[in-house]
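K.L.:
Chains as they are written, first to last, in our numbering: chain A, 6 to 788; chain B, 46 to 467.
The set of hints was computed from the structure by calculation and includes no laboratory data. This one's a predicted model, so the numbers in the text were calculated from it and none came from an experiment. Check each hint, because a few of them may be wrong.
Now the stretches of chain B that chain A is said to cover, found in silico as 3 or more residues with beta-carbon under 8 Å [to be verified]:
| hint | region |
| --- | --- |
| 1 | 386-398 |
| 2 | 416-427 |
| 3 | 433-443 |
The calculated BS3-like cross-link candidates involving lysine-lysine, where the alpha carbons are at most 25 Å apart (straight line), are [what the hints assert, rightly or not]:
| hint | chain 1 | residue 1 | chain 2 | residue 2 |
| --- | --- | --- | --- | --- |
| 4 | B | Lys95 | A | Lys77 |
| 5 | A | Lys96 | B | Lys80 |
| 6 | A | Lys382 | B | Lys246 |
| 7 | B | Lys177 | B | Lys54 |
| 8 | B | Lys95 | B | Lys239 |
| 9 | A | Lys476 | A | Lys508 |
| 10 | A | Lys96 | A | Lys11 |
| 11 | A | Lys66 | B | Lys417 |
| 12 | A | Lys310 | A | Lys11 |
| 13 | A | Lys435 | A | Lys423 |
| 14 | A | Lys508 | A | Lys342 |
| 15 | B | Lys239 | A | Lys77 |
| 16 | A | Lys308 | A | Lys508 |
| 17 | A | Lys139 | B | Lys191 |
| 18 | A | Lys310 | A | Lys66 |
| 19 | B | Lys191 | B | Lys80 |
| 20 | B | Lys276 | B | Lys296 |
| 21 | B | Lys54 | B | Lys246 |
Computed list of chain B residues with no C-beta within reach of chain A, every gap over 12 Å [said to hold, decoys possible]:
| hint | residue |
| --- | --- |
| 22 | Asn235 |
| 23 | Ser238 |
| 24 | Lys239 |
| 25 | Glu273 |
| 26 | Glu311 |
| 27 | Asp326 |
| 28 | Val341 |
| 29 | Pro402 |
| 30 | Ala410 |
| 31 | Gly455 |
All residues carry an ideal CB built from backbone N, CA and C; glycine is no exception.
Read off the chains here:
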Amino acid sequence: MADNIKITVDGQVVETSAGENLLQACINAGILVPHFCYHEALGEAGACRLCAAMVSASADKPARLEMTCMLKAADGMVVSLNDPYAEGFRKGVIEDLMLNHPHDCPVCDEGGECSLQDMTVTTQHIHRRTRFPKRTYENQYLGPLVHHEMNRCITCYRCVRYYRDYALGDDFGVFGSRDRVYFGRVRDGVLQSEFSGNLIDVCPTGVFTNKIFREVYSRPWDLQTRRSVCVNCSVGCNVLPAFRHTTFRRIVPERNDEVNRFFMCDRGRYGGEFTNVPSRLKTARFEGPCLPVEEVTARTAAKLKQIAAEHGGGAIAAIGSPRASLEANAALSMLMKSLGGRISMFANNAERDAVRRATAITVSGELNIASLPEMEKADFVLCVGGDVTGEAPMMDLSIRQAQRAGAPVFIISPRAGKLDSFSTNSLRVKPGEESSVLDHVLSGSVPPKGALSGEQTDFAEALISALGSAKHPLVVCSVLHEDIGVVDAAYWLAKRASRLDRKCAIAFMFPSANSVGAALLRDDVAPETLHADISAGKIKALVVLERNLALDGSPFSDIEAAFSKVEFTCAIDFHENATTQQASAVVPCASHYSSFGSFLNYEGRAQRFDSLPIPGEWSRSAGEMLLSLVEATGNEEAIGEAAFSDVYEITPESNTALEALAVGDLGNRVRLAGKLPVAKSPRRNLQTATHNGLVAWNIELCFGSEELSMLHGPTRELAPQPFVELNPADAESRKLSEGEVADFSADFGLVAPLRLNANLAPGVIAIPVLKTETAIVPEEVKA
Amino acid sequence: MAQVKVLTKNIDLANVGAPCDYQRYMDNGGYEGAKAAFAKQPQEVQQIVKDSNLRGRGGAGFPTGLKWSFVPMNFTGQKYLVCNCDEMEPGTFKDRALLYGDPHQLIEGMLIAAYAMQMTVGYIFIRWEYRKGAALVDAALEEARKNGWLGKNIQGSGFDFHLETHLSAGRYICGEETALLNSLEGLRANPRSKPPFPQIKGFLGQPTIVNNVETFGNLPHILAHGAEWYKKMGTETSAGTKIMGASGRVKNPRLWELPLGVSLRELIYDYAGGPARSGQDIKAVIPGGLSTPLLVPDEFDTLMDFDSVAKAGSRLGTACIIVFDQGDNMVEATENIMRFYRRESCGFCTPCREGIPWIWNMVNAITQREGKEGDMELMAEAGRWLSHTFCAFAPGAQGPFLSALEKFRGEFEEFIRARGAA
């Protein structure tokens, strides 16, 4: 560890560590040092010259004007920010920057959260002394997310340092020189980075603004915010959703030093638009007519009790949701318990097995689970079986940081994702074959002849060599492809690679924001068991929580057929969808950013999110709705003293921590209490089913494959149209060519334009997961 | 003081014709310095250069031996040697003569430096406008390779040195050594922050030495004749000879090789022949390329060496003087100067990118008789902050600007008073 030292800043003694950036040391001590180009994540540049102060090595040495961002703190250093010369210089810098900056703060959409505005006021630059014309630039179209307003630019280079150097994007840059420096793209076009929205936050003024937010603009000080957790993947980035009156306006990332520190992905930033989806459910229904929600709750409770009385509790079942909160699923579980019914959390058995196995590994405490900041420090990364950019975007951004610092990145998956362009070594295999290559790595021995191809052997050997010298290795593994074999292979690799002198960290990418929570639910019934019971007519009542069964690949995806076998169905959700449309009773609940509760992210980290109370009967969170349903069944004693550990397989200590958890906490990782039973055969793999020489592989897209971000908003625009991909060799042997509409309806149930992809394993047909549903507009909105 | 012929022994500075080819170079004692170097240990060569008191000829005058001493000699990876021939300093054309007239001298100098620091790869970064010279250097490089002065195992010494030319895309800032390295790497020509200095992390992050053409030109002679011989020329703190030049309002604008320490007056009146226009006395001189503060007639007895010019409040720079006479208007000259710096700023840091154009706008307005009361103070204030920029570019602009403002205040005021009169 660095030595603790003392420096003096304007007479105040500040403790810091030797070698800390001097500007950061001041900021850490709560001292405002004006600055633009320095950013904690991006480091110093020395471009803006605003953080100038008089600095001397010690009190008896002469002071010089220095940029504090360009110095390292050293013991005894004396910093004077309020020296008149330094103040004069900083004022001069602001005056220079304002020479060409529009004087339109009162009507500028950055106003109120503009660092330039703050610094201008701070330095008391109030009078414009230049009389010359201001330069003007043309703005560019940068896509549906980010608005470009170059005239406001103060040339701090933060945007390009973020986009190119930090996020490793290559379609945005700095052009020109002298007083004509331009930040943009070679030509107009959609920003290709999944992390482009962070440009809005890193820009100290309003060059990059949120295109959606500015459409229905609100002054930032008129917004109401509550800290929340992103719902669009399993990473659990902390966010600050903002509302104006009752409408959702925007999301900005909120700092959590153990999760997302500064940034977030575009899916999370813009995916929250589902809050404003026109198909928002605002009324409750019971067998047709809209009724007050209390009425529907009462009738539903009566119906459930009646069925339980007539057919026994075994005739009642519920489908919970991996994107609903711990609290909501717990309430659903308690409802079932009180009626003697059963609950099922997953889409299909393969998903359930894979998620539960990965969850057990994650919360058992056996292996190190890497947080995002820990991923950035990894010196070896292996990605197994998925596409990190599409499945857990912020993990991708963290792995890029590790790569920038020199970590070799190995990727083994059927199809190249964006991260592959930064990988040291990528291997394309058929789905399910990841484990056979990794087995070789595990055994560290030469596999039997013919077991691995030459390419696979090379990959395995390069991997063994790189892993051998790593001090902080990391394995990232996908659970989205429902392959327990891959989960096991990643686990064994991380376990064997952990030695006395080092731990190999692991991280799983789960399908949903609360998959880990869902997997920990006690007494979860396998979906295919439940489906068989439904098909057999054994289930008379079914309650579905925040789940559109049409889109999640469950055996219930033909909702009409499944529900027709059930006497009574009740759906609880925030928006109208195929499931609510088929349900006998519909109870509206608050959407995620208007509800409170807790999620367990991919690390098993419990994080609590908060909501703003929005008036209306449709504004209560699903958990509250379910509790009132429990009460209405007259079983409130079932709620009684229920603890999280009664419902979830977590230790009493985890329960205590969960109950003490507050919004804005760093969050704490829960620990597994018992066991999570999963299917026995560890190498079972559904996807090896071959049709016509091809195995299907799901392309998990950043934009398109996540349900909520596909409901509404600009993230929909970024999703591709349906397509299928083949390796060029497979296309050639089938006499298919690029762009042709290929008919795979017999084997894979789809007809779509063909794309050739040499970075797809031969023998694989890649199909994007597109969670689009024809928009359903509720009757009252139509009228 | 009389002209000397050390670096120019193969060059006629009055008329730089065809370059000295390999045969003539050898006939005239060529590669003797390199031979002398190869007979010594690399550290001994470094010591000789240190002992010679050779100071960098790019303009800053930093002791060459000291600069070299920061290269980690125990570093086993690739180290690079770079020649800065991006001579874009206005009024300066000394490197051009050395490049066009005697490319082998440059090659030999670089070979000696490369051997001294055990650098096996070198680049000659050449200003785009000197592309014909680059072709001459390419031809000389070919001759040197053919005759075993470049490539592998040079002259049986066991030392390898690969040397290539690189043509600049053409920006003044490329003369700043770290911007040059960025440009050489194919990046934007923005200066890098120092530390780390190029000696530790330079080209492609490897230890690198960047020296000026003329600095390299001195090395063969120092090695061939020894440090003591070299120190006898010039002054105690500025050893050796210097290619000096004059342009502007003088009768005889050209280059000379002179011992450091010749007086500015001698340079102006004896060598350059005094004022070009009769009845127009010389009123100001920029002593070392554009980026040095102006000197006026009562400062003409200043000696042209690094320390004397610094004492007079300016810098020796490239020792290529720009001369103004009574007929020249210093306001318009300042406008011209600031227009250059405005155009050539890389745009990285605020005072340079925004401050210089603002100053230019004001000076330009004054030349258009649109100056306003308070402009002088405002310009001086904006000019003051140019000291605190990321690299030495803006201080370079500040020198001539603030000195013109101070020494020719009357001319500016006259223009401002004549507001609206144009």
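K.L.:
Has the region 433-443 of chain B got at least three residues whose CB is nearer than 8 Å to a CB belonging to chain A?
P.N.:
holds (count 3)
K.L.:
With d taken as the least Cβ-Cβ distance between B/Lys239 and chain A, does d exceed 12 Å?
P.N.:
Violated: least Cβ distance 10 Å, not greater than 12 Å.
K.L.:
For B/Lys276 and B/Lys296, compute the direct alpha-carbon distance and say whether it is at most 25 Å.
P.N.:
Answer violated: B/Lys276 to B/Lys296 is near 32 Å, above 25 Å.
K.L.:
Beyond 12 Å on every Cβ pair: is that true for B/Val341 relative to chain A?
P.N.:
Per Cβ check, B/Val341 is outside 12 Å of chain A; nearest 28 Å; holds.
K.L.:
Check the non-interface label on B/Asn235: least C-beta distance to chain A beyond 12 Å or not.
P.N.:
violated, 9 Å
K.L.:
For B/Glu273, is the shortest beta carbon distance to chain A beyond 12 Å?
P.N.:
Its Cβ never comes within 12 Å of chain A, the nearest being 38 Å, so this holds.
K.L.:
Is the claim that B/Glu311 lies outside the interface with chain A correct, judged by CB distances over 12 Å?
P.N.:
holds, 38 Å
K.L.:
Taking only the CA atoms, is the gap from A/Lys508 to A/Lys342 under or equal to 25 Å?
P.N.:
violated, 41 Å
K.L.:
Taking 25 Å as the top limit, are the C-alpha atoms of A/Lys310 and A/Lys11 close enough?
P.N.:
Cα-Cα ~70 Å, so violated.
K.L.:
Would the pair B/Lys95 and B/Lys239 pass a check requiring their Cα atoms to be no farther apart than 25 Å?
P.N.:
holds, 23 Å
K.L.:
Over 12 Å from every CB of chain A: does B/Gly455 meet that, or does the non-interface label fail?
P.N.:
holds, 24 Å
K.L.:
Per the stated criterion, does the least C-beta distance between B/Asp326 and chain A lie above 12 Å, as a non-interface residue requires?
P.N.:
holds, 36 Å
Hint compliance for this structure: hints 4, 5, 10, 11, 12, 14, 16, 17, 18, 20, 21, 22, 23, 24, 29, 30 are broken, all remaining hints hold.
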